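Chains as they are written, first to last, in this note's numbering: chain A, 88 to 254; chain B, 88 to 254; chain C, 88 to 254; chain D, 88 to 254; chain E, 88 to 254; chain F, 88 to 254; chain G, 88 to 254; chain H, 88 to 254.
The hints are simulated quantities; they were obtained by calculation from the structure and are not laboratory data. Among the hints, a few may not be true.
As the list claims (entries may be wrong) - Cβ-Cβ distance ranges computed for the label pairs, FRET-style:
hint, chain 1, residue 1, chain 2, residue 2, range
1, E, LEU251, G, LYS230, 42 to 50 Å
2, C, SER145, A, SER145, 23 to 31 Å
3, B, GLY140, D, ALA132, 31 to 39 Å
4, C, LYS104, H, GLY114, 37 to 45 Å
5, E, GLY140, G, THR111, 52 to 60 Å
6, A, SER145, B, GLY140, 31 to 39 Å
7, G, LYS230, D, LEU251, 54 to 62 Å
8, C, ALA246, G, PRO181, 29 to 37 Å
9, H, GLN248, F, ASP143, 13 to 21 Å
10, B, SER101, A, SER145, 35 to 43 Å
As the list claims (entries may be wrong) - Restricting the straight-line Cα-Cα distance to at most 20 Å, the calculated cross-link-like pairs of lysine-lysine (PhoX-like) are:
hint, chain 1, residue 1, chain 2, residue 2
11, D, LYS108, A, LYS104
12, E, LYS243, G, LYS108
13, H, LYS249, H, LYS92
14, F, LYS223, D, LYS104
15, E, LYS243, B, LYS243
16, E, LYS92, F, LYS250
17, G, LYS230, G, LYS108
18, G, LYS108, C, LYS108
19, A, LYS249, H, LYS108
20, D, LYS108, D, LYS92
21, A, LYS249, H, LYS104
22, C, LYS108, B, LYS92
23, B, LYS231, B, LYS249
24, F, LYS243, D, LYS108
25, D, LYS104, F, LYS90
Predicted model, so just to flag it, every value in this text is computed and none were measured. For every residue, glycine included, the Cβ atom is placed at its ideal position computed from N, Cα and C.
8 protein chains.
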Amino acid sequence: MKKHKVAVIMGSDSDLKVMEKAVTVLGDLEIDVEVRVLSAHRTPADTVAFVEGLEDRSIRVVIAGAGGAAHLAGVVAAHTTRPVIGVPIASLMPTGMDALLSTVQMPPGIPVATVGVGGAKNAGLLAAQMLALTDKDLHDRIKKHRAGQADQVRAKDAAVQKKLSSQ
Amino acid sequence: MKKHKVAVIMGSDSDLKVMEKAVTVLGDLEIDVEVRVLSAHRTPADTVAFVEGLEDRSIRVVIAGAGGAAHLAGVVAAHTTRPVIGVPIASLMPTGMDALLSTVQMPPGIPVATVGVGGAKNAGLLAAQMLALTDKDLHDRIKKHRAGQADQVRAKDAAVQKKLSSQ
Amino acid sequence: MKKHKVAVIMGSDSDLKVMEKAVTVLGDLEIDVEVRVLSAHRTPADTVAFVEGLEDRSIRVVIAGAGGAAHLAGVVAAHTTRPVIGVPIASLMPTGMDALLSTVQMPPGIPVATVGVGGAKNAGLLAAQMLALTDKDLHDRIKKHRAGQADQVRAKDAAVQKKLSSQ
Amino acid sequence: MKKHKVAVIMGSDSDLKVMEKAVTVLGDLEIDVEVRVLSAHRTPADTVAFVEGLEDRSIRVVIAGAGGAAHLAGVVAAHTTRPVIGVPIASLMPTGMDALLSTVQMPPGIPVATVGVGGAKNAGLLAAQMLALTDKDLHDRIKKHRAGQADQVRAKDAAVQKKLSSQ
Amino acid sequence: MKKHKVAVIMGSDSDLKVMEKAVTVLGDLEIDVEVRVLSAHRTPADTVAFVEGLEDRSIRVVIAGAGGAAHLAGVVAAHTTRPVIGVPIASLMPTGMDALLSTVQMPPGIPVATVGVGGAKNAGLLAAQMLALTDKDLHDRIKKHRAGQADQVRAKDAAVQKKLSSQ
Amino acid sequence: MKKHKVAVIMGSDSDLKVMEKAVTVLGDLEIDVEVRVLSAHRTPADTVAFVEGLEDRSIRVVIAGAGGAAHLAGVVAAHTTRPVIGVPIASLMPTGMDALLSTVQMPPGIPVATVGVGGAKNAGLLAAQMLALTDKDLHDRIKKHRAGQADQVRAKDAAVQKKLSSQ
Amino acid sequence: MKKHKVAVIMGSDSDLKVMEKAVTVLGDLEIDVEVRVLSAHRTPADTVAFVEGLEDRSIRVVIAGAGGAAHLAGVVAAHTTRPVIGVPIASLMPTGMDALLSTVQMPPGIPVATVGVGGAKNAGLLAAQMLALTDKDLHDRIKKHRAGQADQVRAKDAAVQKKLSSQ
Amino acid sequence: MKKHKVAVIMGSDSDLKVMEKAVTVLGDLEIDVEVRVLSAHRTPADTVAFVEGLEDRSIRVVIAGAGGAAHLAGVVAAHTTRPVIGVPIASLMPTGMDALLSTVQMPPGIPVATVGVGGAKNAGLLAAQMLALTDKDLHDRIKKHRAGQADQVRAKDAAVQKKLSSQ
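Next comes chain A alone, as it looks inside the complex (with noise of 0.2 Å):
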């Protein structure tokens, strides 16, 4: 059996300063991964291609990022019935304000699953969350992962309070 993958798609290549973090921490969990600039409105044929290409290489979860009116990940969930994940990315509006809206007011019928602005390391996490539920090993991979974060976190904690009392 092939390994599952997970693709890590955006609309410009600008976009990878912020995608990258979804690339890195879904290797940090030994997850596949395969990533496409492909946009939504400059390049549909590819993209639509690209989608109804997505079961033969073995991607179960697709994550599009991108800016302004934010349509490639609506525009995946159009084509495949698996799981979108959506990376609004402040990109004309400093507040990102209309890629998030653009990502995440999908009509009923055509979810995205829809992370914070910019919220890349949270795509990749989410998507190795899906893909865990059945597979155990990953699922321990990312329990472990949670737990050096709350490791980081009271490192945090003691370097504030050794910092304040030594004042």
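Chain A is already provided as a structure; the job is to place chains B, C, D, E, F, G and H on it using the hints.
Leaving out everything else, chains B, C, D, E, F, G and H in the frame of chain A:
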């Protein structure tokens, strides 16, 4: 030579109460109209097929109305180089801000001519103005329509003045 | 092997009119559902106890709907590594912007898969898509459901065209 | 027959850095352009005089960019029945929301074809698409321009894949 | 010497239900009022003609109310150096945010004195305060009006205290 | 007879960089100005004392600038029936939306003439326009100032046209 | 020793339908309440006089509710060093965003403890929590009240489960 | 009797640059402070353990600062009946609107006393005001602190007047 037409499409039949204002004004200006319910997300292939057949059916301008994460105009614009007019419709949010931003904030390269929230009448007029660029008769009808609007404002002005002076 | 289930929880019984759309679509897709009213703020210990018992009751995905400073999905996500879907509900503000931002803007490390304001049906579909990653029968039912949606749009398209041509 | 032209006007010379994107793309498409600084508020009579002389100078489409309470496009639209394209520019507010709403929310009867905040390139393309309605050569140049855009996305796609595979 | 007057103009007769609050308060303060329906976009020449005739008709202050992309106050201000007061009216958006930003965010050099959304009563009072700068009798009437407001608040205070103490 | 003056007050000395634009334009128009730092919240008694002494010092208009929950203009307006102009200043929020709404949304009965975010120059001009209602010389200076603005726009227009034609 | 009291004040009697939730919960917790209608703008001197007399009447906490440019809580906070709780009320804007920002964005040095839009019940509870800092009996009543809330959620949880299982 | 303390907690050590303003003002007022980094989402059990131990460590008020979907204050408030003060911090969105709404829009029954975006100094003052309800010495120190603020405003007033008169 076939007469040029305008397509008026919408994402849901519940959008008709807004979009019929475009149909009406186009009819008043003696422009042939084709009306369709096409969903960017629920019937994406139908939508693309519709766009690919535009030229053959003498459609030169498309007016697309949608609410929420309103991608319909953008999807059409991605598949044609004919002018596409977007009508944001207030549905999921009472302000229509989600539909407005999803329609207007298109990436460089793929324009959507956006009108105000619920502004279907203006969409119809804009389409007519485009077709009138080389149709002097239509341009004359548009000028007459606009003069009629001015007359309506003047009639209201007279009515308000009469009403207040009689108080 | 026990069948996997989805939990649909909400912060108040007044949220039920929105959240029952998730229950309905999950029922249509033959997925077992557990429904609970649990408040992140008024019954926090009950909420954590519920999350800690998820695995034992074969719950694999949680859908959490809440309004205002909507913390319910985030609290659940903080206590489990199973996927959590958040449904922002318009209550204190008519736009639901408060619930949307409180649900979607999660910090790096703890994802919540957010759907649109009031988007409980999409939350149900998203949960189903996740469970379908390794359940081919369910995946087939989802595809059939989606095809049904397309047929509904086509029926509305035909109805609108008929209505307008008869005018 | 005189060649049709596009006017690119702006409320202040500080808007030029945005608006020159319209000038550039129109030049690339071999369309003659007339550029003016005209203020709806500080030189209203000049602005109206400019609009009233449009036809004589073979200008068929006007692109108007402005920030803040951006009235320029609306003022032009009030005085001509030729298509007017509005470009909201972020100046007084970093989001440009003031300019967007002032440009797009026109009353019924006087349309402004609005593009995204800072979207001057799309304004230029939209004007070209309008002129191309009866200019097959121009339409061919637009299609070629768009194909070029798709190629750029594909080149970036290849570059990103190469970059990530070499890490 | 002719008595100074205030003009109360509005973009549509549907704005009268808001704007008549300005008319009423000006009447209460014994200030002559001229009321007009004038559209910045549909009757721009009428609007400019009106402004150019202000001085001859002894109008010293203009109150202009409009909704959506509310340009009326700005257009008037562009053609006169007399004070112009803008009243944003909620019409296309229920919050009136579009009208507020279109009215208040004027460029440097052309001020519009903006009141709150729907704040026509305050616009009337503000016009009166301006005229009272050199009209002591009017200033006394304004002070009396304001004292009356304070008395109303005190009466409501007493009523609320009585109501609650009797429960 | 004493010459009428304008007071320019601000909530903090950090607002001076915005508010000095009002001082400058009033100076250009030869209007005497009194500048004060007065906090509605930190020196409320000083602020009220200042307002109660306005008449004695021949101050006829007050311009008040403040950021955040900008109450300064409202507090002044509550204590005088002379015209009060509010200048919202972007400080706590980069859009200045908090200061704008806190300044403009006054309750019926107590008007504040609000200008745009950071619009201190317009506040100065507005104050001058009010004083000019019965000061013909000042009115002439204002008209000259405005004509100068138009000339500046025309010079920029010429410069932009020259720049683009030389490319 | 006199028993400490809480004042509940509001800018208009129309705010009573919101503010009476504070009165009710304070009554349930056996805390003496003084209710007043006081306008920061229409009766500013009365408001200041009220604040200056707080100590003599054993009032230790003030709850102030207002809409629009909601200055009431800020004005009270400017004149006392006792805790002031602000309740933003949706009136001029349906979202209440104007009242929220006007209440919460206070400058450094003068705090207002702000609750959610319309959140008068929470304002009452917060005042009680403050008084309970050195009143063990009151603290016990608050804990009991909170336990009651949890029981209500549990009862609704049971009712919803019963309702759904019987379908 | 043990001296009462205030806890200042934050969701991340990057919040310290904002939150140290609370620590500083509490120190100036001679109030003991406990500072912790605790994440509502990454270390939820630590957070609850911290809250459950509040009473034993003589902590009577908690100040909680967080950004994005800022749940920290709400989580603390859900587990204690002591007053909780929330400080929204601008992080994911430059306006901090996400943190503000996530903190302030709490459901009825669980109050969070919210200060402005980044308003940690006010949070510290508010906590002090609460503790001062039965600590006359502290109340005197707070009054002195506030008088000092007024003096600073007066000094700035003098400096600005001097600066402008010397120009």
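Can you list which hints this structure breaks, lowest number first? 1, 3, 4, 11, 13, 14, 15, 16, 18, 22, 23, 25
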